[in-house]
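Undergrad: What follows is each chain in one-letter form.
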Amino acid sequence: MAMKDMTMVNEPQDMHRRPGVLWPTLITLATVFLMGGVAGYLDAHRADGGDGPSGLVAGGLVLLAGVGVMWLYVRRFPLFWQGWSRRKRLYTASIAGSVLLGLLTAILLRSGQADVTADPFFSNSALSPQIAILLALLWGAGISIAVFIYQRTIDDHEERAYLWAGLAGYYAFVIPAPMWWVLARADLAPPVDAMLLFGLTIITNALVYLWLKFR
Amino acid sequence: MNNQLKVLRAMRNWSQAELADRLDVSRQAVNAIETGKYDPSLPLAFKLARLFAMPIEEIFDDGHEGHDDGE
Chain A
1 MAMKDMTMVN EPQDMHRRPG VLWPTLITLA TVFLMGGVAG YLDAHRADGG DGPSGLVAGG
61 LVLLAGVGVM WLYVRRFPLF WQGWSRRKRL YTASIAGSVL LGLLTAILLR SGQADVTADP
121 FFSNSALSPQ IAILLALLWG AGISIAVFIY QRTIDDHEER AYLWAGLAGY YAFVIPAPMW
181 WVLARADLAP PVDAMLLFGL TIITNALVYL WLKFR
Chain B
216 MNNQLKVLRA MRNWSQAELA DRLDVSRQAV NAIETGKYDP SLPLAFKLAR LFAMPIEEIF
276 DDGHEGHDDG E
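Chains as they are written, first to last, in my numbering: chain A, 1 to 215; chain B, 216 to 286.
Incorrect hints may appear among the rest.
Straight-line alpha carbon distances no greater than 27 Å define the calculated DSS-like cross-link-like pairs of lysine-lysine that follow [said to hold, decoys possible]:
| no. | chain 1 | residue 1 | chain 2 | residue 2 |
| --- | --- | --- | --- | --- |
| 1 | B | LYS221 | A | LYS88 |
| 2 | A | LYS88 | B | LYS262 |
| 3 | A | LYS88 | A | LYS213 |
| 4 | B | LYS262 | B | LYS221 |
| 5 | B | LYS252 | A | LYS88 |
| 6 | B | LYS262 | A | LYS213 |
| 7 | B | LYS252 | B | LYS262 |
Some chain B residues judged to face chain A by a derived CB distance under 8 Å, without partners named [as the list claims (entries may be wrong)]:
| no. | residue |
| --- | --- |
| 8 | ASP239 |
| 9 | LYS252 |
| 10 | HIS279 |
Incomplete in silico selection of chain B near chain A, CB under 8 Å [as the list claims (entries may be wrong)]:
| no. | residue |
| --- | --- |
| 11 | ASN217 |
| 12 | GLN219 |
| 13 | VAL222 |
| 14 | VAL240 |
| 15 | GLN243 |
| 16 | ALA244 |
| 17 | GLY251 |
| 18 | PRO255 |
| 19 | PHE261 |
These aren't lab readings, by the way, just hints derived from the structure by calculation. C-beta: ideal position from N, C-alpha, C; glycine also.
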């Protein structure tokens, strides 16, 4: 009994607890908003002739700080994640990698465009060639690797959600795209915007996936 | 498809997360099976049967009475 009590006294309080959802969510949101705010402010400041680091550098530093804070939080629960199976570790790595890739893409998009007043995600304003090549490589290679790992590590409940979401995303492209194309050829609609269709596909995919996975 | 997963889990005093860890699936997968929103694949159903040391048909019920003799 005394040994047991001693063990319990010496054992860190968090050893058997699971990390909650609140703190990781707050850390992620704070990182994203702070990153966007700092990068946007600095880019606008520099465009007005001011000094200071570029939004890309500052945003990257905020991202690193956010990852560091998340790591400090997660490492308080060693037994929780050290007990994970190989599948779960790879799965989590693929998700975390995709999120980081998304954040990095957002910083690059924001910082790589010449017109800092234009919306970074929904405008077609000019990008510097270096940033454009980097973004294309990041998306092409990064997403391919993350999706390859993800698809090999999801359980079959998530696989079902992912497959149906993929099909819904496919329909969200193949139904409106030809409609828009023929209407545009008759001057009844503006020219086809590939990125708008891409956005529609991604949003449909995400909604169906989230519904099937978390309902 | 009806199933006894929630009862079997409660008898062992496991949380959904604990059962998910034992099956190496997500907690959402366990919840979806328990609430009948998702029927597991055959490999996962066998995994459940082995974990609870019961035949699959004692865990899952497809609503059909007796055995189908093909007539």
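Undergrad: Now, for every hint given, state plainly whether the structure supports it.
TA: How the hints compare with the structure:
1. B:LYS221 <-> A:LYS88: Holds: LYS221 of chain B and LYS88 of chain A sit about 23 Å apart, inside 27 Å.
2. A:LYS88 <-> B:LYS262: holds, 17 Å
3. A:LYS88 <-> A:LYS213: Between LYS88 of chain A and LYS213 of chain A the Cα gap is close to 16 Å, so the pair holds against 27 Å.
4. B:LYS262 <-> B:LYS221: It holds: about 16 Å lies between the C-alpha atoms, which stays within 27 Å.
5. B:LYS252 <-> A:LYS88: Distance of about 23 Å is within 27 Å: holds.
6. B:LYS262 <-> A:LYS213: Given pair LYS262 of chain B, LYS213 of chain A holds - Cα atoms ~21 Å apart, limit 27 Å.
7. B:LYS252 <-> B:LYS262: holds, 19 Å
8. ASP239: Since chain A brings a Cβ to about 5 Å from ASP239 of chain B, closer than 8 Å, the hint holds.
9. LYS252: holds, 7 Å
10. HIS279: violated, 23 Å
11. ASN217: violated, 18 Å
12. GLN219: violated, 18 Å
13. VAL222: Violated: closest Cβ of chain A sits about 20 Å from VAL222 of chain B, beyond 8 Å.
14. VAL240: It holds, given that the least Cβ distance between VAL240 of chain B and chain A is near 4 Å, below 8 Å.
15. GLN243: holds, 6 Å
16. ALA244: Interface hint status for ALA244 of chain B: holds (4 Å vs cutoff 8 Å).
17. GLY251: violated, 12 Å
18. PRO255: holds, 7 Å
19. PHE261: violated, 12 Å
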